Amino acid sequence: MGLLYDRDTCTGCMLCPKACNFDAIEKDGDKVKFDLDKCVLCGSCEEVCPVDAIKIERKKIDSAEIAKYKDVWTFCETSDGRLRSVALELVTKGRELADTLGEKLTAVLIGNNIENHAQTLIHHGADRVLVVDAKIFADYTTDAYTIAMTSLIASRKPSVVLYGATNNGRDLAPRIAARLGLGLTADCTGLEIDEARQLIQTRPAFGGNIMAEIISPYTRPQMATVRPNVFKPGEPDSSRPGEIEKVNIEVSPVQVRTRVLEKVSEAVEGMKSVEEADVIVCSGRGIKDPANLELPKQLAKLLDAAIGGSRPIVDLGWLPPSQQVGQSGRTVCPKLYIALGISGQIQHLAGMSSSDFVVAINKDPDAPIFSVADFGIVGDIFTVLPEVIAEVKRVLDSR
Amino acid sequence: MNEETGTLIRDGVPSILNPFDELAVEAAIQLKEKHGGEVTIVTMGPPQAKDALLKALAMGGDKAVHLTDRAFAGADTWATALTLAEYIKTMEFDLVICGKQAIDGDTAQVGPELAELLSVPQICYVRKIDISEDGKQVITHRETDEGYEVVRAKLPVLLTATKGLNEPRLPNIMGIMKAKQKPFEEVNIEKLGTDPDRLGLKGSPTQVRKVFPPEKKKGGIKIDAENPAAAAKQLVEFLTKKGAI
Ligand SMILES: Cc1cc2nc3c(=O)[nH]c(=O)nc-3n(C[C@H](O)[C@H](O)[C@H](O)COP(=O)(O)OP(=O)(O)OC[C@H]3O[C@@H](n4cnc5c(N)ncnc54)[C@H](O)[C@@H]3O)c2cc1C
Chain A
1 MGLLYDRDTC
11 TGCMLCPKAC
21 NFDAIEKDGD
31 KVKFDLDKCV
41 LCGSCEEVCP
51 VDAIKIERKK
61 IDSAEIAKYK
71 DVWTFCETSD
81 GRLRSVALEL
91 VTKGRELADT
101 LGEKLTAVLI
111 GNNIENHAQT
121 LIHHGADRVL
131 VVDAKIFADY
141 TTDAYTIAMT
151 SLIASRKPSV
161 VLYGATNNGR
171 DLAPRIAARL
181 GLGLTADCTG
191 LEIDEARQLI
201 QTRPAFGGNI
211 MAEIISPYTR
221 PQMATVRPNV
231 FKPGEPDSSR
241 PGEIEKVNIE
251 VSPVQVRTRV
261 LEKVSEAVEG
271 MKSVEEADVI
281 VCSGRGIKDP
291 ANLELPKQLA
301 KLLDAAIGGS
311 RPIVDLGWLP
321 PSQQVGQSGR
331 TVCPKLYIAL
341 GISGQIQHLA
351 GMSSSDFVVA
361 INKDPDAPIF
371 SVADFGIVGD
381 IFTVLPEVIA
391 EVKRVLDSR
Chain B
1001 MNEETGTLIR
1011 DGVPSILNPF
1021 DELAVEAAIQ
1031 LKEKHGGEVT
1041 IVTMGPPQAK
1051 DALLKALAMG
1061 GDKAVHLTDR
1071 AFAGADTWAT
1081 ALTLAEYIKT
1091 MEFDLVICGK
1101 QAIDGDTAQV
1111 GPELAELLSV
1121 PQICYVRKID
1131 ISEDGKQVIT
1141 HRETDEGYEV
1151 VRAKLPVLLT
1161 ATKGLNEPRL
1171 PNIMGIMKAK
1181 QKPFEEVNIE
1191 KLGTDPDRLG
1201 LKGSPTQVRK
1211 VFPPEKKKGG
1221 IKIDAENPAA
1231 AAKQLVEFLT
1241 KKGAI
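If you read the protein sequences in the order shown, they are chains A and B. Using our numbering, read the first sequence as starting at 1 and increasing by one per residue. Using our numbering, read the second sequence as starting at 1001 and increasing by one per residue.
Calculated directly from the structure, the hints in this document are not laboratory data. As the structure is a computational prediction, the values presented were derived from the model and not from experiment. For glycine and all other residues, C-beta sits at the position ideal for the given N, C-alpha and C. Hints are supplied without guarantee of correctness; some may be wrong.
To give a feel for the contact side, a few chain A residues facing chain B, derived at Cβ under 7 angstroms [stated by the list, open to error]: (1) Leu4; (2) Thr9; (3) Leu97; (4) Thr142; (5) Arg170; (6) Val268; (7) Phe370; (8) Val388; (9) Ser398.
Quick list of in silico lysine to aspartate or glutamate cross-link-like pairs, EDC-like style, CA-CA up to 16 angstroms [what the hints assert, rightly or not]: (10) A/Lys393 / B/Asp1145; (11) A/Lys263 / B/Glu1146; (12) B/Lys1210 / A/Asp278; (13) B/Lys1128 / A/Glu213; (14) A/Lys263 / B/Asp1145; (15) A/Lys55 / B/Glu1086.
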């Protein structure tokens, strides 16, 4: 590994000294020179150079080099100042991995005015929180966040870095992986440490028909995005000690090549998010007509539940895309999941099978949904559901 | 599946243009129809991937490039992105449009990795693409977990296409006939000129250690709703006992 600088190609534009967060580049006549003792090979200068005069060579590393990488990191995403729930899931899982390795767990928090979340992350298991807080990080942009993460990773050498497999997480992690020449596994649903202290990353492939165990033997850190709502967040412990470290990372506006002009929320008024609800009432093609959604809506209201749908009924426009459960929709893990007229194809199961408790009503006794249901009723939703609604009402009223 | 390497054997498996890539091809053709320019379709894949390229040409692409060689086989997302980048680097382009993800691996990683290796900005999961009047910028609607955001960037840019971007056209007979006459370039490892150790299985930082079928959960109680009211009662009783209600 090393940095190659082609002085003849260099035009002396002086963008790279500004892009360097490690003071490793300085003006040298009308060109620049590098202090390789300070350089951590984060790649920021290579990316900003307009004429490709800087090249970082990355090679497979050997076991002696691998041993230098320590600690588990989690990238904890915020959205408009709010900590995403996947951040707590990552910290809880990260804690487990760090304990197995006998190493520390570091949470990375990037944004603007987000420091207040650091304590929450410590209470959920982080030993240290790195806070990168500046105006330039207020909106998520690939460029600014990549610079922050690569600077931290390259200088501090963690052995594992986990990201939530959200839209932003899946945008960011591969950019970092490519800049640092690292392996990356997408959308993991299982993470373990093996006897060789490697991270075993398990993910579904082929629409959930196959599970694959993936390792990154020659690159460090080992990186994975993790599907939200698969690992459960632990209970917070407000007596847990932890260290909060503010890190200053300079990103100049010229390094951020995309600009967020406007953010539009498509949350439907009065419709609870399926990702955050404790109870979900989910309808499938068996509901037959959008007008019939009144029934599940009544039940949802009684149970303070979110309304969900299988893909066909979302494709038909009966429910907004935000309510689709399954592989190409949202992954959920509520306490109670009620499936109405849903056959239970593998792509649907991929999004809900980790629910605590599953109820299914379907008129086909052989519907695959029954194989994941804790309580199944073989019958017609239009005769059974009104009875269920009446019974729930009766029980709630009697309390 | 190759038991030893855990990679897929794609030999003999027909290749289709995957749905997200169709969106990308359609978007490129629409931009060309509106603003001019040329649409080049590039893929890396086994010989039968030619069918997907021909379909994209039939839809209205101008030329196709097929990166194909034994040495590219078994590539993970990083090695795939590198192979594509090595070729695309040699072209002049304003926009690279990828499908959001493939339908087999569905990692959504190749797009962003390719953008990095090409040193261009990326906007992932776009549902709308506009070019500014001066032709120098792209303005997109990018899907987020909450809805979407309007994102602007100077060209060149890499975009990944998601559902809602457009309705891909079906190639017509004329298009299919013309496709066979359009320029079609095959590029192997020699032509690409990249060190084979950096590509394919050898160049992949991730390795598949094992594949296995997903765990089957066993069902619990299952009752018949001959008497719907009784069944409802039983269910609600059960849920109350479990503390679910
Ligand atoms: C790449 C890919 C991604 C996908 N992603 C998703 C995804 O994210 N989410 C998703 O849901 N699907 C997804 N699918 C589609 C999935 O394969 C199934 O087609 C879909 O889940 C079926 O939806 P369904 O159960 O509502 O409909 P159906 O399979 O048609 O099932 C309807 C069920 O209703 C029952 N029924 C009918 N009438 C009644 C009645 N009166 N009372 C009781 N029961 C009744 C029937 O017995 C049947 O079991 C995906 C597919 C692919 C290929």
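Results for each hint:
1. Leu4: Status violated, d = 15 angstroms.
2. Thr9: At 14 angstroms from the nearest chain B Cβ, A/Thr9 fails the 7 angstroms test, so the hint is violated.
3. Leu97: violated, 17 angstroms
4. Thr142: This hint holds: A/Thr142 lies near chain B, its Cβ roughly 6 angstroms from the closest one there, short of 7 angstroms.
5. Arg170: holds, 5 angstroms
6. Val268: violated, 10 angstroms
7. Phe370: holds, 5 angstroms
8. Val388: Because about 4 angstroms separates A/Val388 from the closest Cβ in chain B, which is inside the 7 angstroms limit, the hint holds.
9. Ser398: violated, 11 angstroms
10. A/Lys393 / B/Asp1145: violated, 34 angstroms
11. A/Lys263 / B/Glu1146: holds, 9 angstroms
12. B/Lys1210 / A/Asp278: violated, 34 angstroms
13. B/Lys1128 / A/Glu213: violated, 36 angstroms
14. A/Lys263 / B/Asp1145: Satisfied, since the Cα-Cα distance of roughly 11 angstroms is no more than 16 angstroms.
15. A/Lys55 / B/Glu1086: Roughly 15 angstroms separates the two Cα atoms, so the pair holds.
The structure fails hints 1, 2, 3, 6, 9, 10, 12, 13 (numbered hints given earlier, in ascending order).
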